[in-house]
Amino acid sequence: MNNGMHSGIDNRPAWDMGSETSKRRPLLGGILNTVWRYSRLYFWYLRANWLSLMAYPAEFVVTNIAGLVYSLGSVAAVWVLFTQVKAIGDWNYPQVLLIYGLSIFSRSLFHLFWVDLMNVSAMVRLGDIDRYLVRPLNPLFQVVAGYLDNDDYGELIAAVILVWTSLGMLGQRTVANLLWIAVSVVSGMLIFASIHIVGNAMSFMTIESRGFTSLAWTMDEFTRYPADIYGKGLRTLITWVIPVAFASFYPAQLIFRNGQLIRLALITPFMAALTFLLAYRFWTKAIDRYQGVGN
Amino acid sequence: MSSTHPQISASHVAHGSHEAKTAARRRDEANAAEPEKTVEEPIIIVKELSREFRVRLDGESFSDRVRRFFRPEYRTVRALDSVSFSIRPGESVGYIGLNGAGKSTTIKLLCGVLVPSSGSVTVMGLEPYRHRTANAKRIGLMMGQRTQLLWDLPVKESFRLLGKIYDLSPEIYRANLDRLVEALDIGSLMETPARMLSLGQKTRCDLALTFLHDPAVVYLDEPTIGLDVLARERIRDFIRGEKERGVTIFLASHDLDDLEIVTERVLLIHEGKILFDGTQMALHDVVGGPLSTLEDTVKQFYRGARLG
Amino acid sequence: MKYLTYTRAEFLRGMRYRANYWATLTSSLIMTLIQWYLWTAVYRHTDSIAGVGFSSMLSYSLMGRVASGFLAEPANLRIGPRVRQGTIVHDLVKPTDLHYQLLFQSLGSALFRLVSTGLPLLLVLLAAGRIRFPGAGATVAFVLSLFMGYITVFSTSFLSGVLTFYTKSGVGIDHLYTLVEFFSGMYVPLQFFPGWLRAVAERLPFKAIHYIPMAIWSGMTGPGEVAPAILSQVAWTALMVLLCRAVWFGAVRHLTVQGG
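If you read the sequences in order, they're chains A, B and C.
Under my numbering, the first residue of the first sequence carries the number 79, and numbering increases by one thereafter.
Under my numbering, the first residue of the second sequence carries the number 7, and numbering increases by one thereafter.
Under my numbering, the first residue of the third sequence carries the number 694, and numbering increases by one thereafter.
Calculated directly from the structure, the hints in this document are not laboratory data.
Among these hints, one or two may not hold up.
Unchecked claim - A partial selection of chain A residues facing chain C, derived with a Cβ cut-off under 7 Å:
(1) L146
(2) Y148
(3) G151
(4) V153
(5) L159
(6) Q162
(7) G167
(8) N216
(9) E286
(10) F290
(11) L293
(12) E299
(13) Y303
(14) R313
The beta-carbon is built from N, C-alpha and C at its ideal position, and this holds for glycine as well.
Whole structure, please, built from the sequences with the hints as guidance.
Laid out in structure tokens, this is it:
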């Protein structure tokens, strides 16, 4: 299979093992193989991350209580507002609460699993990215899997409480709705991840990327309130260009049984996948730039 | 792998080119290196390699800064200028240069982290940048100032994760780990969280991590930085041992004692150019004068270079 | 005054980051737009909420965005890490007081943010006719109040920064910062709060950060109430500064006598 030059499998070095057995498979098999390999590796990374958390149990508890309070601080603003008014635009209290809840649900999932994207600029500065580039693994995977945040469980709990409460107020606590919530928060997480991938990939091109990181966070702000309160141009922007509206507003429409927007609600997972693919392309281009392709 | 070591032989080089083809089907296959190499063929070939960077200028005066805030100005810096050399399998080469001479840039180009502005790098028949993953499996990189250890976890967890990253089979993993633990005497550290290790212990663990997947070529960037004399000696002994096993070593260090003891051949880089390439003895000859330490010789050489 | 050199240096540092600047300006424009549309939607079905009319609310909120960079939580005020990494030694051997040095340093970056993002935003809003000057007296009172708001926000962060010196873990006020923002009136003005919550907010120093200046600017604070509002802010600000001094001296004594 190999120019016939192999004397035998025994004296091949470790890096050589099993490489060609996986290479000749058909495309689908190759993809499944890669997915399987990365899933297994993600498990090992997760394990290491969890073991690291266990090193500081007290801090873990304290920061997560603080995180819960942190997210309630901003929810309090919505609650205060609704002690004074009946609606924001055309949306009543439980509806706004559900949208808000989906927004912080997606955000906290993103934050939980992708937070080290924020540190890409430091990784570039300190050489960690170089290290990732000399390992036989996808660099983005290494960035993302390398570190899990420990203070986002509070926010996640706040999000679950918010979504559960608002579903109750709407009389919509059905299994189908809960499944849809699961689909939409994972989609929302991917959309946030995409935006932050693009924002932080700027670190590969300019040493001053802090502004882009915070710009990415700002885009998240659009998801807190119903997307139709924004003007037409902005609404188009957050639907089709930077599709953050799919992280909370559109998926919520399926639960509201809103006939006009239900089609947009249903394409949420596809928009998320597409956005992620485009963002990933941007990321690889940015790394190419960093390495100096075409210089 | 039952035998001890990856002897770099014809079959591996040939296999490398095969892997290259499959790994990057999109690329022009004709570019991949051809088989039929002999043992004496170089494992690393660097040809007229240059690398430039664009640096934004910072203003001196307030008005300069304001002006450049709105209209930035750039300057091109040539970090490497038409560098050529080649390294045979199993050779160990010391890389010497002052701060900013282009040492790290060279290593990054050799590892495939950076792409050449012009010229070419070939490692085991592959261009490292084009075949990043294939290349990554056969090389090791140690950056003396950056640890690979997982900070809060016992050292053994770092080894376990890296074994998974390099897809080592349990048997190979066990065999390599046992060998390295023995050679670097780190058995007693395995249960200790990395943050509680001394610098010397950390460096030994990092070295072991670098060699865990049996790399054929290892790049060491300042491996002994900040270490005491005994720790340095231990590390030199280990590197020498690996060299005797046939691993190709590329060692950049400011500590010329490291190089004097570990490598026969030295490359001297100054302002992006290779000024000298040859054995330590040859360097003494070029400099002339009484036979002295490598450090004195190099100092002499730089004085000469600056005058010339 | 020697401390002003710190202010100048920090201001200049801000100018080195060009790409950063445009990104920051864009995000501050977006935040302003979000506020604008949010309040428009809130006032769609009503003319007045808790006695606050639409134009007054918009003025409160948009001016809040203009000043948001200036009143943002200052960074790098954590004393704990400085002590643990040993860099505090460099700070203590200098012939300056670290508390004042940090105050003037942070003022430099706050002023940079005010001039670089707040000012363009203000000009855009003025040109668009979305914001109006409230008259000379109120404007002067507003500027005064804004500076005191800055001192309060700095003091809040500084206090929590010094606290990280006593608490081993890295948890500081920044983990609870949304609460500070909430009680400062940054999200909704204090009039909207239910009675009991308003009573809590009135007894906290945070209203001096955001609510007092913005209420003066937007006219929520009537002409006759401006002077008492400023006076109460002076009192709160002085109290915060004194508290900072006390805690800081305590920390320094702890550090020099007991060696940290």
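So, going through the hints one by one against the coordinates:
1. L146: The hint is violated - L146 (chain A) has no Cβ within 7 Å of chain C, the shortest such distance being about 10 Å.
2. Y148: holds, 5 Å
3. G151: holds, 3 Å
4. V153: violated, 9 Å
5. L159: With Cβ-Cβ at 6 Å, under 7 Å, it holds.
6. Q162: holds, 5 Å
7. G167: holds, 4 Å
8. N216: violated, 27 Å
9. E286: holds, 4 Å
10. F290: With Cβ-Cβ at 5 Å, under 7 Å, it holds.
11. L293: holds, 5 Å
12. E299: holds, 6 Å
13. Y303: holds, 6 Å
14. R313: violated, 10 Å
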